[in-house]
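Undergrad: First to last, the protein sequences are chains A and B.
The numbering of the first sequence is numbering that gives the first Met the number 0, which starts it at 0 and goes up by one.
The numbering of the second sequence is numbering that gives the first Met the number 0, which starts it at 0 and goes up by one.
Just so you know, these hints were derived from the structure itself, not from any lab.
Where hints are given, some of them may not hold.
Computed, partial: chain B to chain A, Cβ under 10 Å [what the hints assert, rightly or not]:
{"id": "1", "residue": "Ala24"}
{"id": "2", "residue": "Glu83"}
{"id": "3", "residue": "Arg98"}
{"id": "4", "residue": "Tyr302"}
Calculated Cβ distances over 12 Å to all of chain B for the following chain A residues [claimed, not checked]:
{"id": "5", "residue": "Arg42"}
{"id": "6", "residue": "Asp67"}
{"id": "7", "residue": "Val70"}
{"id": "8", "residue": "Arg85"}
{"id": "9", "residue": "Gly213"}
{"id": "10", "residue": "Ala216"}
{"id": "11", "residue": "Asp218"}
{"id": "12", "residue": "Trp247"}
{"id": "13", "residue": "Trp257"}
Everything numeric in this text was worked out from a predicted model, so none of it was measured.
We put the CB at the ideal spot given by N, CA and C, even for glycine.
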Amino acid sequence: MTDPLPHPLAGDPARVGVVPSRSSVPHVLVVGATSAIAQALCRRLAAHGWALTLTSREADALVPIAADLRVRGAVRVTTQALDPCRFEGIAAAFAAAAAGGDLDGVVVCHGALTDEQGRFLAPDETRRIIDVNFTSAAALLAVAAESLAARRSGFLCGISSVAGDRGRQSNFTYGAAKAGFTAYLSGLRNRLHPLGVAVITVEPGIVRTPMTAGLPAADSRLATSPDVVAADIERAILRRRDVVYTPWFWRWIMTVIWSIPEPIFKRLKL
Amino acid sequence: MMSRQRTISGWGRQPVLSMDVAEPADPADVSRLVRATPPGGVVARGLGRAYGDSALNAGGLVAACRRLDRFRSFDAASGTLEVEAGVSFQEIIETLLPRGWFLPTTPGTKFVTVGGAIAADVHGKNHHRRRSLGQFVESLQMVVGDGSVVTCSRDERSDLFFATLGGMGLTGIILAATLRLVPVETSRVTVEYRKTRDLDHTLENFEDHDATYEHSVGWIDCMARGAAMGRSVVMQANWTALDELRGASRAGALELPSKLKKTVPFTPPVSLLTPLSVRVFNQMFYAIHTDGVKIVDLDSFFYPLDAVSHWNRLYGPRGFVQYQAFFPKASSRQGLRALLDCVVQSGAASFLAVIKSCGEADGGVLSYLEPGHTLALDIPYRVGAVDDLCRRCDRIVLEHGGRLYLAKDALMDAATFRAMYPRLGEFLDVKRRYDPAGRFTSSQARRLAIE
């Protein structure tokens with residue numbers, strides 16, 4: 000249960016002297032902690048004995064989740080209400096989470112899917128999907144990046160989606176938002192690498208969660224459980240990976256999808 | 000709350016029945032589900048390890064409660080654990096064994112949920128010492144017939160509490176339970192193996208040695224006939240103390256056993272457990288074991304079959320029946336002999352035959368153990384032949400004052416059940432009090448007329 004402190008959070012080993020002294024237990028902020036993937040991930044991090052700060056729009060929903068994580072081994076769990084789409088609250092919420100000066104990582108898990116299925120969304124719906132999946136996530140990461148960059152250690156992890164790899168007619172609004180998120184993470188990684196902060200892009204395929212319940216895709220043979228995705232994210236964090244497709248075969252599926260020329264792609268029903 | 004039509008079975012893979020299955024996401028969902036119960040009624044289901052039709056409800060609704068999987072609290076001073084009903088024994092072990100706590104008693108698989116284990120009032124290899132799981136349940140939170148959430152314990156609504164221990168889910172849906180765990184120093188047990196010559200010798204071994212062992216079980220070579228009938232490998236064990244371990248194993252005293260798992264990837268077209276293969280297996284099992292003491296990891300001792308996922312597929316598409324009977328002390332020698340004789344004579348192969356002795360009676364109104372012995376047999380299912388065999392066995396069990404374990408039963412009839420369980424009337428009184436509309440029912444409940 001008490002794995003030795005994994006090196007990944009300590010930053011670039013060559014800069015050890017630069018790394019501020021830190022408590023021996025990694026502390027991770029999980030945004031959107033009520034999501035199925037976040038819960039599965041938190042259980043795994045709790046089993047390592049880590050400290051967790053959880054945020055959600057509905058703080059009440061975090062109470063039983065926090066209790067569960069404490070029994071599962073988390074050394075400390077704090078909860079905090081945060082609606083990432085209320086941008087004015089982001090800086091304060093992050094400051095509260097990082098107040099102890101020991102924050103090692105941030106995992107951005109919040110997201111929203113609408114029953115798009117090729118529909119043309121109303122303007123406010125388009126904005127909501129893009130704000131939840133991209134704008135708010137980018138705003139949060141910018142604040143977190145500044146803080147971790149100053150400490151020259153830690154990691155940022157964003158749950159994007161394979162839907163962002165190429166726009167398809169079935170969910171192009173969601174896909175576009177995730178494409179933006181993926182690009183943002185990629186740029187952030189480039190920016191933060193010299194500062195010893197890892198940026199991890201997670202691209203899950205179809206996951207059976209309350210978010211996808213009722214969608215035809217959730218019945219697909221390719222659909223997987225949140226815990227499989229969480230196991231991949233856990234490994235990615237421990238190994239400071241850059242981009243992780245989960246399950247692994249999505250990398251190859253997306254390679255095929257990328258390689259289809261647009262004149263053909265536009266005719267496909269994907 | 001969405002439900003979908005599914006065709007499912009218990010662990011014995013027969014009967015296979017059609018019903019709606021809903022997966023409540025949290026306790027509030029369960030209340031909503033119960034309030035909207037369809038005419039066919041509802042029964043909770045966990046990991047589907049009951050062998051027969053206990054967690055099936057043909058034509059009605061099954062509430063698959065696996066998603067109620069949160070730990071609520073753990074007090075490391077007293078070992079008191081509160082968990083939601085869908086938490087599995089495996090999760091409890093993985094979470095708390097490294098901190099030195101284990102389940103007070105466990106069935107032969109860790110792939111059961113807390114809710115299912117309480118509903119069946121499961122017991123383990125230590126019944127002679129600790130009795131069943133119900134002894135370690137402090138309180139329950141459950142949804143009763145009107146959809147409301149109530150708590151019950153030995154002091155509060157004790158009628159509901161004792162009817163729910165072993166009540167096969169017919170008094171309500173368990174949301175959460177508070178259990179007392181037991182402290183252990185290591186993740187291993189020190190096992191003493193003794194081979195016995197025949198049934199009398201096996202029982203004598205239990206009689207002579209049970210008092211000094213926490214765990215005690217016999218694996219019967221059920222192909223042995225005549226004078227050797229009932230010969231066994233008796234395994235009696237205590238938790239390994241820290242000072243019994245040396246070196247590296249001492250440093251990792253509470254480590255979980257490593258997880259090399261095999262699986263039966265698909266159902267073979269016919270049962271691979273034929274009389275011949277079972278005979279060979281049983282003889283080898285008896286032959287390779289020698290008397291002596293060994294330290295083994297807890298998975299090998301408590302959960303040998305968990306190492307092979309889907310082992311139930313070995314019995315082929317027709318599945319199997321697990322027949323577990325209890326005989327009270329006064330008549331158990333004769334009862335066990337008659338039952339073994341009946342099964343051996345029929346030529347029905349039993350891959351697994353497990354015998355153990357039982358301690359004091361349990362608290363549940365429908366709990367089935369009291370001082371005596373229990374014998375569990377696996378019988379590959381064949382329509383007709385096995386039904387007849389089980390009827391003959393049922394008569395033997397009845398004649399000797401015994402009863403069958405409801406978590407394994409798939410074939411018993413209502414009259415037999417009524418004769419074996421004299422406290423049924425008392426159970427039904429409680430059920431009517433908390434479920435006046437009769438919403439909680441299952442295929443087994445209808446077969447046994449528990450309504």
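Undergrad: Does each hint fit the structure? Answer for all of them.
TA: Status of each hint after checking the structure:
Because the smallest distance between the Cβ of B/Ala24 and any Cβ of chain A comes to about 7 Å, under 10 Å, the interface hint for this residue holds. Taken as an interface hint, B/Glu83 checks out: its beta carbon lies about 9 Å from the nearest beta carbon of chain A, inside 10 Å. Using the Cβ-Cβ criterion of 10 Å, the hint placing B/Arg98 at the interface with chain A is satisfied: the shortest such distance is roughly 7 Å. Residue-level restraint check for B/Tyr302 is violated (minimum Cβ-Cβ distance to chain A is 20 Å; threshold 10 Å).
Not every CB of chain B is more than 12 Å from the CB of A/Arg42 (nearest about 9 Å), against its label as outside the interface. Against chain B, the non-interface label of A/Asp67 is violated: not every CB pair exceeds 12 Å, the least being about 4 Å. With a least CB separation of 4 Å from chain B, A/Val70 falls inside the 12 Å interface cut-off, contrary to its annotation. The claim that A/Arg85 lies off the interface holds: its Cβ sits roughly 26 Å from the closest Cβ of chain B, which is beyond the 12 Å cut-off.
Some Cβ of chain B comes within 12 Å of the Cβ of A/Gly213; the nearest lies about 7 Å off, and the non-interface call is violated. Listed as outside the interface, A/Ala216 is consistent with that label: its C-beta sits roughly 16 Å from the nearest C-beta of chain B, beyond the 12 Å cut-off. Not every Cβ of chain B is farther than 12 Å from the Cβ of A/Asp218; the closest lies at roughly 10 Å, contradicting the non-interface assignment. Every Cβ of chain B is farther than 12 Å from the Cβ of A/Trp247; the closest lies at roughly 20 Å, confirming the non-interface assignment.
Here A/Trp257 stays apart from chain B, with its beta-carbon at least about 33 Å from theirs, past the 12 Å limit.
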